[in-house]
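Full structure from sequences and hints, please.
Just so you know, the protein sequences line up as chains A and B, in that order.
For the first sequence, the positions run 1369 to 1683 when the working numbering is used.
For the second sequence, the positions run 1369 to 1683 when the working numbering is used.
Don't take every hint at face value.
Copies of one chain are not kept apart here, so a pair can be met inside one copy or by any two copies together.
[Stated by the list, open to error] Pairs of lysine-lysine residues, derived as DSSO-like cross-links and limited to a Cα-Cα distance of at most 30 Å, are as follows: (1) K1450 with K1651; (2) K1587 with K1370; (3) K1562 with K1602; (4) K1450 with K1587; (5) K1587 with K1651; (6) K1562 with K1658.
For the record, the hints were derived by calculation from the structure and aren't laboratory data.
Number of protein chains: 2
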Amino acid sequence: MKALAVDFGGTHIAYGVVEDRTLTFHEAFEVARATTLRSVLATLEEELRQCQRIFGECSGLAMGFPCIVDTSTNRVLSVLKKYEDATDIDLTDWCRSRLGLDLRIENDARMALLGEQFAGAGQDEDDLVMMTLGTGIGTAALIHGRLLRGTHFHAACLGGHFTVNYNGRLCSCGNVGCSESEASGWALPLVASKWQGYENSSLADIHSIGFFDLFAHAKAGDSVAVQIRDHCLKIWGATAVSLIHAYDPNALILGGGVMGSAEQIVPAIQSYVNRHVWSSWGKPEIRAAKLGNKAALLGAVPLLNEESRAPIELQ
Amino acid sequence: MKALAVDFGGTHIAYGVVEDRTLTFHEAFEVARATTLRSVLATLEEELRQCQRIFGECSGLAMGFPCIVDTSTNRVLSVLKKYEDATDIDLTDWCRSRLGLDLRIENDARMALLGEQFAGAGQDEDDLVMMTLGTGIGTAALIHGRLLRGTHFHAACLGGHFTVNYNGRLCSCGNVGCSESEASGWALPLVASKWQGYENSSLADIHSIGFFDLFAHAKAGDSVAVQIRDHCLKIWGATAVSLIHAYDPNALILGGGVMGSAEQIVPAIQSYVNRHVWSSWGKPEIRAAKLGNKAALLGAVPLLNEESRAPIELQ
Chain A
1369 MKALAVDFGG THIAYGVVED RTLTFHEAFE VARATTLRSV LATLEEELRQ CQRIFGECSG
1429 LAMGFPCIVD TSTNRVLSVL KKYEDATDID LTDWCRSRLG LDLRIENDAR MALLGEQFAG
1489 AGQDEDDLVM MTLGTGIGTA ALIHGRLLRG THFHAACLGG HFTVNYNGRL CSCGNVGCSE
1549 SEASGWALPL VASKWQGYEN SSLADIHSIG FFDLFAHAKA GDSVAVQIRD HCLKIWGATA
1609 VSLIHAYDPN ALILGGGVMG SAEQIVPAIQ SYVNRHVWSS WGKPEIRAAK LGNKAALLGA
1669 VPLLNEESRA PIELQ
Chain B
1369 MKALAVDFGG THIAYGVVED RTLTFHEAFE VARATTLRSV LATLEEELRQ CQRIFGECSG
1429 LAMGFPCIVD TSTNRVLSVL KKYEDATDID LTDWCRSRLG LDLRIENDAR MALLGEQFAG
1489 AGQDEDDLVM MTLGTGIGTA ALIHGRLLRG THFHAACLGG HFTVNYNGRL CSCGNVGCSE
1549 SEASGWALPL VASKWQGYEN SSLADIHSIG FFDLFAHAKA GDSVAVQIRD HCLKIWGATA
1609 VSLIHAYDPN ALILGGGVMG SAEQIVPAIQ SYVNRHVWSS WGKPEIRAAK LGNKAALLGA
1669 VPLLNEESRA PIELQ
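Now the structure itself:
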């Protein structure tokens, strides 16, 4: 199957052409200053029409959004940051009338897991959880090869908002002590600046600390960086245990830009899981994602091929 | 449908005859000194044969176990405390040859949720989570009216072992800071005895403190009891948030003996959920279970009527 794929990010929209497990073409454009989804769709339409001209007929378009979406009606349910008009737009109609294509939309973390199962780190498994560590923490679960969505489409993609520290930091979601508010990209500067010894560590010179800096300084031996890195690994490990206890997978895939430091992360999470997961059969394997930021685009074909568009894939 | 129902507890086995939503007859016998499942089954066979003689032909037998079970083969998967022979017994064969009946077995928390949906607090909903607060903390989830089981039958019934305090107490499951190790019946004496001021509180005279004592002393105004009760409510609230984020229900049912103090518990958990759950549609309702310790027995008919015996109810 040949299909068009789009992945909505906070600052960029990635799009491309996929042919089964191959990303034939991909590109991105900036949307840092865009304030409406309509304006973004106008640009996207031009780019996707160009793809159709160059790469020929496609079977459909799959789009990933960083929010909750109704996969049965192709509607954005939760407000997409900065696009206030998103919930009002009939995307099915837009796609049909402008591109002549069928559309499927999905939460971006779920689409990335479909991609990793179809063409990446999960090709041998039907029971998978994925945790994407980035600015936020995205999660998704496949049970018996089917995405778990839940009746309001929230299920399995809010794993970054499980409580791991009931007396912890207030999260942007309204909960306290979520893994996201304890150890995500947006929380890291808050965590670091309050860490004992931070002001005298090599991290203090960094303007707005990110995981790239943290893992680099930890690898170089800065003791505060090591402590904060180990704090993050513990939070991610605790979250992995909850996700495994919740969804019962054979393997858990870790994704996100931070996986550039996979050699510091995967063994630590595997060890935490081996020590702390309860199981009647064995311990799930922790794997690094293989597709990087192309995972969601490569989820297009399995998403378009899904048998049912029902909100719940249980029947 | 008329059916036989059995609920395996730690010290007692409850059994009975159900006719749709009515528990026609129920009884229990003690197993405090039993060391093998075979010896318990011998007693159970006599009692159930007696039920068959008195109440006539039944369509099947449903049994709930306080452990992980393979619902497709009717095998106990995790060691049932004190019954070392449990995993070796072919229960299907036992039921067919001794009672002439078809058998379904299930985790007891899942069976209780089926009961509450069929005849109790969840009759109007297909998307439910149940949390049973007792010696341990049992959980179960119905999505679109189907039990979530997972590929190894762990899914949704290990919610008492989500991490809520990543630096917390070691749990019997091997994890740290589970809701069960922070606020269950078995953990309560450990939590209380280390509480500041405990030795001078009215709780100090109690031999092995239980929730009944805790809620009574809190209601009577003992300040340490109030603090420990509020700690437990906070842990249960944090767990409810994680369960709601995990399984996306319309309502969460709270069960267990502690619900004798429902008036101190339900409003507190509802308030916690309203403040801390993220949702695109509204906040799930917190409800007290209606069937008490009869819930699992009343889950017999819906369990026996389930369409599929597949390990995963996703197809």
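Hint-by-hint comparison with the structure:
no., hint, in the structure
1, K1450 with K1651, "between (41 Å within a copy, 24 Å between copies)"
2, K1587 with K1370, "neither (43 Å within a copy, 66 Å between copies)"
3, K1562 with K1602, "both (18 Å within a copy, 25 Å between copies)"
4, K1450 with K1587, "neither (37 Å within a copy, 48 Å between copies)"
5, K1587 with K1651, "within (28 Å within a copy, 44 Å between copies)"
6, K1562 with K1658, "neither (34 Å within a copy, 47 Å between copies)"
Checked against the numbered hints listed earlier, the structure breaks hints 2, 4, 6; every other hint is satisfied.
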